[in-house]
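Trainee: All residue numbers for the sequence shown refer to our numbering, where the first residue is 1 and numbers rise by one.
Keep in mind that the hints were calculated from the coordinates and are not lab data. Some hints could be false.
[Stated by the list, open to error] Below, a list of computed lysine to aspartate or glutamate pairs in the DMTMM-like style, where the Cα atoms sit at most 20 angstroms apart:
(1) K229 with D198
(2) K217 with D125
(3) K199 with E223
(4) K217 with D198
(5) K20 with E87
(6) K229 with D213
(7) K11 with D46
(8) K199 with E79
(9) K229 with E214
(10) K11 with E79
(11) K20 with E54
(12) K217 with E87
[Stated by the list, open to error] Label pairs and their calculated CB-CB ranges:
(13) A211 with S5: 38 to 44 angstroms
(14) G123 with D46: 40 to 46 angstroms
(15) G30 with R218: 21 to 27 angstroms
(16) T122 with R38: 40 to 46 angstroms
(17) R38 with T10: 32 to 38 angstroms
(18) L124 with E214: 40 to 46 angstroms
Just so it is clear, the structure is predicted and the values come from calculations on it, not from any experiment. Backbone N, C-alpha and C define an ideal beta-carbon position, used for all residues, glycine too.
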Amino acid sequence: VRIFSLEGQTKGTLSAEPFKHPRGVASGLGLIAVVDSRRRRIGLYDLRSSSSSEVMNIPLATTHTDADVLSSARPSLTEPYYVELIEQGSGFVAVTDWAAPSLKLYSLSTGGCVSMAGGYGTGLDQMLQPYGLVHIPWERRLLIADHVNHRIQAAPIQLAPSDPCGLGNGVNSEYFVSRAVDDASSYRALGSLQPVADKVTNSIWHPMAIAADERRKRIVVSEALGSIKVFRIAR
């Protein structure tokens, strides 16, 4: 993973230790998050530090072999692709799983998976080969590129009502279905996936990466066939 200035000058590499198939990269909370896909983990780095070592890593795959422990372990990711840092509460990391289509949310404070959404398929609350994702703070949701299904999906997010930094104020809590894995009473809940743009209505083909234009309240989507499209997504 290489670092460049905005003028295009190389500033070295992010880590002294090589990655194995690094894919998604995100910034936020003063950190850089990198999905090390082959190792199935997220490495977190502080660019303000003179060290090129991880300040934290979140293992996405469990290594337990005991059946009883495995049944209660946080879910693993088969092939993590893209990542997003969420600057709310104590901080969260969202990651897409390309091979076992799903979206999972991890806590920066505990490293545990606290919520998940999606599954394999073409219907509602399903995805096929999800790629990029982006947090839309002004709409309280994550948008995901549902690559094979040619659509953008939204996952509503909120903090639990007991969290003083929660996003639940004024939101209809009945709309959210908690998919807790660890202690979801203290963390976020992801709602069911809802398509917000697709091939028929918005001419989206094989979406890849997504970025947010917060000032203009728009999203920018790259497509595998070479197009870059800008959308204003209605709720």
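Trainee: The structure should be examined with respect to each hint, and the outcome stated for every one.
Mentor: Hints versus structure:
no., hint, result
1, K229 with D198, "holds, 12 angstroms"
2, K217 with D125, "violated, 25 angstroms"
3, K199 with E223, "holds, 12 angstroms"
4, K217 with D198, "holds, 19 angstroms"
5, K20 with E87, "violated, 27 angstroms"
6, K229 with D213, "holds, 12 angstroms"
7, K11 with D46, "holds, 15 angstroms"
8, K199 with E79, "violated, 25 angstroms"
9, K229 with E214, "holds, 16 angstroms"
10, K11 with E79, "violated, 29 angstroms"
11, K20 with E54, "holds, 15 angstroms"
12, K217 with E87, "holds, 18 angstroms"
13, A211 with S5: 38 to 44 angstroms, "violated, 19 angstroms"
14, G123 with D46: 40 to 46 angstroms, "holds, 41 angstroms"
15, G30 with R218: 21 to 27 angstroms, "holds, 26 angstroms"
16, T122 with R38: 40 to 46 angstroms, "violated, 28 angstroms"
17, R38 with T10: 32 to 38 angstroms, "violated, 24 angstroms"
18, L124 with E214: 40 to 46 angstroms, "violated, 28 angstroms"
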